[in-house]
Structures are given as structure tokens and as C-alpha cells.
Amino acid sequence: MPNIRYANMSHWKAIPYRRIENFRDFYYEDRTNTAYYSDWDTILKYQSALGFDGIEIAPWDLADILPLFGSPEEFSAFAKDRGVEVIGMFHGAHASHAADHFDEAVRAGREAVDTIVRFGGTYMNTCPTDNFYGNGPLSREAVKQCARTINEIGRYATDRGVRIGLHNEFFCAINLPNHREFIESTDPKLVHYCIDTAQVAIMGEDLLTFYSDYHDRISTFHLKDTASVRQPDAVRYAQDPEITDDGTRWFWEPGLGELDLKGLYRLLKQHQFKGWMSVEYDGSPDLLASMALTRYHLDKELRPIYD
Amino acid sequence: MNKDAIAISLDLINRHYQEPNRNRYEGKYFWEELYPLIRASGFRGIEIPYEPVWQFGGRSGVPMNRYCINTKYGSATAYREVLRQSGIDRVTGVTFDPNLFMRNDNLGFFFGASGHFAGEALAHAADLGADYFAISPSAYYGRMAHYHPDLESSMDDVVGRETELLGGLAAKAAEAGVDLVLRNEFWSLFRGERVLTLLGALPDSVKLDIDTATLTIAGIAPADFIAAHVGRIGCVHLTDTDFVDTTDNWKSSNPEFPAERATQVFRDPGTGSVDLGGIVQLLDRLGYDGPIVCSARQTRDPFRALLRIRAFLNQLPN
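Note that the protein sequences, when read in sequence, are chains B and L.
Under the working numbering, the first residue of the first sequence carries the number 1, and numbering increases by one thereafter.
Under the working numbering, the first residue of the second sequence carries the number 1, and numbering increases by one thereafter.
Careful: at least some of the hints might be erroneous.
[To be verified] Going by beta-carbon spacing under 8 Å, a handful of chain B positions derived as facing chain L:
#	residue
1	Ala63
2	Pro67
3	Asp246
Hint data in this document are derived by calculation from the structure and do not stem from the laboratory.
Note that CB positions come from ideal geometry on N, CA and C, so glycine has one too.
Just chain L, with the same shape it has in the complex (with noise of 0.2 Å):
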């Protein structure tokens, strides 16, 4: 294992979410500082998530989506050589997620909306020479129920028109030379194994993306599933959780804070129940030598965050 390889998530910083201190994660003077703080933790590569929200203000510090990175640096490849010199050597991935837009009764804006932003996300990772371009293929299962009561009785039509999007999402991901790969959270319609029926009906091209704690509530064994599909995974995130799903939280408009209990549903990696260690060693024996990341999602600490990741990866074996 090259645990060098192993990128961080930008993630870990909480963006959307109110915190004593969030307004630092608007300005430019943050993220620079940050930069040479996830390389000083050891990390040369980093994920970015792609969030068009930031698109529609004068907030552009946050280097969320091409527009901000080409308003505050020029272009994808001024913005990589700050990184350079902040010791960074690459964006190893770059993530979207289209919860955004699941906002109102109309699906034909949540795919056209969707499918535009996540077509820039994808020009936006070859720009950036990343390795992966990671989709989710659905909004909140308990976001998209509320705006669509109907959501069940519809969902064959959801399912194909989510088909033909991730269809034209791969070809295009074919032409620039990233990996398209398919996240699975456990609030997903396409949770667990179900994420394996859309894969089923795409390019072999598309890869999985493994997301050790999400498959982890969902119910799967993360190892098993490794072991059973190693040969289309592209991409694997290092998670951790110690949350039980016991009152199908995945379902609720905002599953990542589970009302029911209020407690957090990701821990920083090596914190939690996931036995990470085994699964990084699982991969290796596999001879998986594709991109893995760390995530803290959901941290309370991102700095105490970096610091733990690497005293976790410190005590795996090279």
C-alpha cells in the first residue's frame, strides 16, 4: 500500500452548516492557509466536492466549482500550480452530489439541473487532471419523498431518466479520460446493492465507488462487497461510522443528522466501528492500486481531524 497515494477530502471542512467560526470557509485566506495544513498532515492529493451553490453568490473564496476557481485563480491549471506550491501534488477526485437541486415538485428541473452541473463537474475534474469523477445518482431518498410523495409509484421513471443522464455522463467521461464512478450513500434510492442495478446498465467504463461507512449503515458488509466487485471499483473512500440505522433514519429528509437519536452519523477515519485497517489490507491482497481517499465528513475538528487520519495510516503496514 503507498499510503503517499492516499488523498484527503476536502469534506472535512463543514460548508453548509452552521458552526461558531463557518464564515472563515468563504474567504480565500482560509483555504490557503488550509492547503500547506493537509500537506504538513501528510497528504499530497486532495478530493474536491463539487457544489454549484457557490456559483450564485459573490462567495467565490470556496473552491467548490469551476466558477470560483476561475474567478480567484484564472483557470483549473493556476489554481493546481497554488496547490503545487502549497505541497499538494494533485486533485486525485472530484465529487457531486445533486441534493441542491431536489428543491420542488418539478423532476424535469432536478435531472436538468443535475445533469448540467454534474456535465461542468465532469469537464471541471479533466481540467484538474483528476483521477475520478464520483456522481451520486440520487438526492436524499427522504428529500426527494417530500417533494414527491409519488416517489415509489414513479420511481421506473426516475430510474431511467437517472439511466440516460449517467449514460451521457459516461461518454463524456470517456472522452476526457476520467473515471466515472457511482456513490452509494446509504440515503440513496440506489443504496447498498441496489447501486448495482444502475451499474448494470451502464458502459463497463463506469466504476463503483466504495464508501466504506455509507455501505457500512446500509447494511453491507464493505469487505464482502469489495471482494465480490474489486474488478469494477474505481475509487475507494476511507469512512468510518458507529451509527446503527435502527428507524430508517436514510429515509428522513436529512439523514445525515438523524433526529431520532441527534448524534452524528461519521466519525473521523479510525475512530469509528469500520475496521478500516482490515479493509486497506483487503485491497491490497486484491491488488486494487486505484484511488483511495480519506474522508472526515462530518468532523467537528478538521485540523484534529487531518492529524488523527494520519496517526491512523501511520500504524497500517506499508
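For reference, chain B alone in the conformation it holds in the complex (with noise of 0.2 Å):
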């Protein structure tokens, strides 16, 4: 078993079919590749060639999913024959720095462990509140508000198996000036970190330098990109962050930005992480061509450093 195992954070979108049964009928109905993105079993194939042996689900597709496959335990299943297991899900702690939101927060916190569970998942990446925009600067108290509705869910998480790790959005009302002081508000026994490499590195974190002070929390890792280090709070703090009005991309795959992720990997091998890392591909233009793209930097820069 390799020290490192990897899966794609699904960012696919609605995906219609379970599965084209006349694929090439399809085909000539348009003779573009819409058929080639249509499917969940053509998808998982993609996945599972590429060395992709994971997926994490999206919550937002879950309206989705569910009705189509009928269940959690049916996704799995169909995922599972083709080579690729469930490891978790995102998840977005809505209002937790908000102490009257606390039993709401909680509350949602539990039915998406619960969902994870029905999945087969071990993994919660969570991100801790809402938006800056709105909401920051947090108050102190705020910020241990926070820490408290996370730790809680991260308790009701560990004794369901499930690993809760922290994951920083760059515009999040948990941000440069308090992110550290939330890591440490919270629980280490029950709330880990995920690392967004690209995320962290726009927020203004070092990554080399985040990585090793919490190498001991990190549960996992969303991997990519970026080449837009260091934002300035008028971009952080900003209503609509998350995609640019010009199309400038915040994320790219691996090796096409700045980030030394070859000095995290040493860093990786020197604390010996054992696990899962989700690769993510969100603002890309062409999912399959970045995943293609990942594995061979994966194999040819990283893995041969650790793994």
C-alpha cells in the first residue's frame, strides 16, 4: 500500500446519466462529446485509469445523486465496480461563528457525517463559516463561537469514524488575521486540518511554513495549484471572490502555478504523511485534461519524492 492515496474532489457538476447504455447511438445524435461528460460510469472510468482510486463527493450534488442512484450505499457501490471508493465529502459550516445559529450548525454538521457514513467515507473537509464578506472581521468571541460548533460536530464525526479536517477558503470570514488562532480554539483529538494548498497560499499562509507547524492536524490535503500567492484583503474581503469577472483562474493543476509543492512533498516524506489527498480541479475548463495532466505531474515530479 503506498504512503499516499489519491482521489479528485468532484467538481463535475451535475452529471445526468448513471450510464449511457447506447453510447455510440448518443454519439451521432450530436457528434460532439457531450456523451463523454454525461455519465457517471464513463467519469468513474476516467478516474480509475488515471490512478484515481477516490472521489469526494460534492454536496451540492447530492439532489442530484441521490435521486438518480436512489441511495448513498448505491453510489458507493456503483463507484466501488469501477475501481474508485467514496472517501467523504466537503462540507460548509454555515453561520458557526454565529451563537444563535450553534444548534443549526450543529445540526447539519451531523446529518452530513451521518451522509458520509451511508457513503463509506472517513472524511469531512469542512469549511469552518461563511464568507468574510458580511460577516468579518470576526470578534474574538466569534472565532471561539466557531471553534465550539466545529468541535462539537468534530466530536459527533470521531465517534462515527468520521475525520473532520478544516478547510480554508481564501475569502472566508476565517481569515489570515484569525485563522491560526481558530486552528488552535479547536480540539486537536477532534478536529484535524485539511490542506487547500492553493487556498492557504492565497489566503497569505506560507504553505511550507503552515505545513510544518500543523503537520501533526493534517488529516488531508486538497492539492493545487496557484499563481496568485498572498492575496490583498480588497480581494480577500471582496462580496464575490470566488470567480474573477475577467476569467482569471485562482487554481491550476499542479506544477502550472507557483507553489513548491515539490518542497512540500519533501516535507511530506520528512513527517512521514500517511493517507488520503484529494486532487481539485475547481475553475478548470476541462476536468479530464487536468486530471491527465495531474497524474503526470504526480508521477513524474512529485511521487518520487515521497510516496
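Starting from two chains that each stand alone, build the complex the way the hints lay out.
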């Protein structure tokens, strides 16, 4: 068993079919590549063929996936038949910094954990709260409240075999001034950390320093590159920062940005990281191409360092 | 027939399903390039499918709801000015379907969220100066049945709550000067002529949205339906299809993508088997002078679809 197993965070958006039974006929309807991106059977085969043995579910897809497959268990069985296992799900802990939202945030977190368990997953990568815009800057009490909420969700998750990994977005209300304060306010036995390599770097953390400082808290990664490290407050605190108006990409495939991912892999080796690593392609114009480019970079540049 | 008044629906852009370059559709730059292309293809009016989903993330370039438009342009008025400078004179209509909110076993959540956001969408339609607000009074039948296996036995309750919701919207629409029109998609609880029962329980100000493809798939001849109800039509969607539902696909969880045959349901107007030319002439003969919208829902090439539709419209008599 390798030290690191690779998964993809699912950014495929809605996939309308489980399986296209008549692929050739479908193709001849319009002679475009639509068929190649329309069914889970094909998507999962891409994953399997490119050596990504895990998939992390996107919660915004659940309303489509569940009626399409019937249940989380049926989706997982379908994926497993194609060599892919569900490792977990992303979760946004909406308004967890607000004391009057504590019960609702914990209830939603517990429901997400229950869903992950049904998929057979063991990771829940969790954005700590909402965007900075409209919420920040958070008071010290609000940061503590956010930690209380996440600790409570983390307790429930831990009891059910799920590791909750904090996943900070560069535009989150938990931001550079309170990022470490927040992490240190959470219980290390119950709450871990998922390093999204690009997000933390755009926010202003130095990736290698951050990993060195918190390596014993790291449950998993969202691996991606960026050419936009240390963005200013005006960007991170803006109303609509995630998708730029002019098409500028925040995120790139590993090797196509400026992050020292080889340095990260040397640190992974030093600290003997073991477990799943998700690769994330949000913002990619072609997820299959991104997946293949990533596999090449992993095999030729990163995995020879450690794994 | 004043073909200049025929609008195009922005549903020709596939925002929800995967395809290479789909990510462009979340960027402001894409839409601001699209508006002049719409005008260049001969359309002066657009229809906006109102979609709350874009309200929940930092992706407001998609101009599908009030939040996004206010985020990027400040107001509906400023957005209309951007459209005007692109050669688009008006937002002819706004549509709304509540599928997003059919996601659990709580009907209270479904009707609460649907009612709230439909109210938002209606007010936004008024701000945009739209002629009509077209609402789908049901989520996908199959999705509803997935989360509510007792759907058939609780139908009276569902119809009652929907009627109450629409009654409230009808009053708001009348006040706002916007026509409330009912869509009856082939996948709906109120498909085909079943929409008439719902309509009968609502004020006369509420009208029908004629969607030619969806009527055809539901087994209703659109020309006959139009002739029978012309006095209560508030909007016409010229949509096309070749699809014949032989397997009760309409009851499936994702009915616009039939699992049995894996084919698309809708065709670009003029490329399917619906007699759209005949329907346009019928509307003319019947004296219908309300909004008409072309919809290339599910098109796989929106720019080709724009030109295909214009080529089709060019063949119709003036």
C-alpha cells in the first residue's frame, strides 16, 4: 500500500446519467463530446484509468445524485465496481460563528456526517463558516464560537469514524488574521485540518511553513496550484471573490502555478504523511485534461520525492 | 407576426451540466460577450431563468437572480442599461422552477423556500420591467416521489398548498403589473391538461404558458390546446422535440435525461418534429399578441442554436 492514495474532489457539476447504455447512438445525435461528460460510468472510468482510486463528493450534488442512484450506498457500490471508493464529502458549516445558529450548524454538520457514513467515507472537509464579506472581521468571541461549533461537529464525527478536516477558503470569515487563532481554539483530538494548498497560499499563509507548523493536525489535502499567492484584503474580503469577472483563474493544476509542491512533498516525506490526498480542479475548463495533467505531474515530479 | 418581438431564453446556456468550458458560464465576462451576440442574431429581448442556486456562492457573474445582478451591477436598472448598450431592449420574462428545493422529505421546506424565492423572482421580474413571470408549479415528479414515496396519497395536500402559494403570488403579480403564467412541463405533477385544474382555482389574472415541446411530449397537440385556451394564454415558448415518451420517463428522477435511451429531450427550435411554423401562424390567426419566446434548452452549441433559430424564424411569413 502506498503512503498516499489519490482521490478527486468532484467538481463535475451535475452528471445526468448513471450510465449511457447506447454510447454510439448517443454520440451520433450531435457528433460532439457531450456523451463523454454525461454519465457517472464514464467519469468514474476516467478516474480509475488515471489512478485516482477515491472520490470526494460535493454536497451540492446530493440532490441530483441521490434520486439518480437511489441512495448513498448504491452510488458507492456503483463507484466501487469501477475501482473508485468514496472517501468523504465536503461540508460548509454555515454561520457557525453565530451563537444563535449553534444548534442549526451542529444539526447540519451531524447530518453531513451521517451522509458520509452512508457513502462509506471517512473524511469531512469543512469550511469553518461563511465568507468574510458580510461577516468579517470576526470578534474574538465569534472565532471561539466557530471553534465551539466545529468541536461539537467533530465530536459527533469522531464517534462515527469520520475525521473532520478544516478547509479554509481564502475568502472565508476565518481569514489570515484569525486563521491560526481559530485552529488553536479547536480540539486537536476531534478536529483536524485539510490543507487546500492553493487556498491557504492565496490567503497569505506560506504553504511550507504552515504545513511544518501543523503537520500533526493534517488529515488530508486538497492539492492544487496557484499563481496568486498572498492576495490583498481587498480581494479576500470582496463580495464576490470566487469567480473573477475577467476569467482570471485562482487555481491551476499541480505544476502550472507557482507553489513549491516539491518542497511540500519533501516535508510530507519528513513527517511521514500517510493517507488520502484529494486533487481539486475547481475552475478548470476541462476536468479530464486537468486530471491527466495532474497524474503526469504526480508520477514524474512529486511521487518520486515521497510515496 | 412581429418577429422582432420574439425573445430568446437564456436557458440556451447549459449552466448545470458538465461539459468542457462550462466554467465560463460562471464568469461575468462570458455573459457580457453573449449579450451583443444575442442582438447580432436578431433578438432584442431575453428571458431569464431565475435560479436561486447562484445566490449561495461567490459566483455572481451568472445573471440568474436578483442577488447576482445587484452584486455585479448594483440594480436591475443598471443591468438593463448594460443590456440596452448591447442592443437588448428588454427582459421579456422571468421563469422559475422549484427543483432546487426538492431535496429532502420536508414538504414544509419545499413550499417555504419555493414561495420565498418565487416572491423574490417575481419582484425582480417587476424591477426588470418583464411582461410575465412564469412559474413551474411542481418539481420533477420523479424527484418528488423519491423524497416523498407517499406522493400520490398526499396529492390533495400538495395541490392545496401549491394553490395557496400561487394565490399569494397572483395577488403580488397583479400589484406589480406582471402576468403570472403557469408552466406545465412534461415532468410536472400538473403536466398537460392537469394544469387546467390548478388554473381554475386561481384568479383570472393568472395565465397559461404554452410550451410547444412539453405539451407534445405529454401527448397534447399544442395547436389544439392553443385553440381551446387562447383567451388565457400569457406566454408562448417555441420549443422543439423529437422525443416520444414510451417508458413513463416523465416520472423519472431526471426526466430531461431519459435513462432508457440516453438521448436529449429538446431540440433547437426548427430541428425537431413540432410544427412550429404552423403554430406561429395559428397564433397570428387567433390574434394572439402576447410574448413569444424561443427556447433552445439542452442545446449542445448555444451559438449555433442562436443562428439556427434565426434561420428558422427567417423562413416564417411576416
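Cross-check of the supplied hints:
no., hint, in the structure
1, Ala63, "holds, 4 Å"
2, Pro67, "holds, 3 Å"
3, Asp246, "holds, 5 Å"
Consistency with the previously given hints is maintained throughout, with no hint failing.
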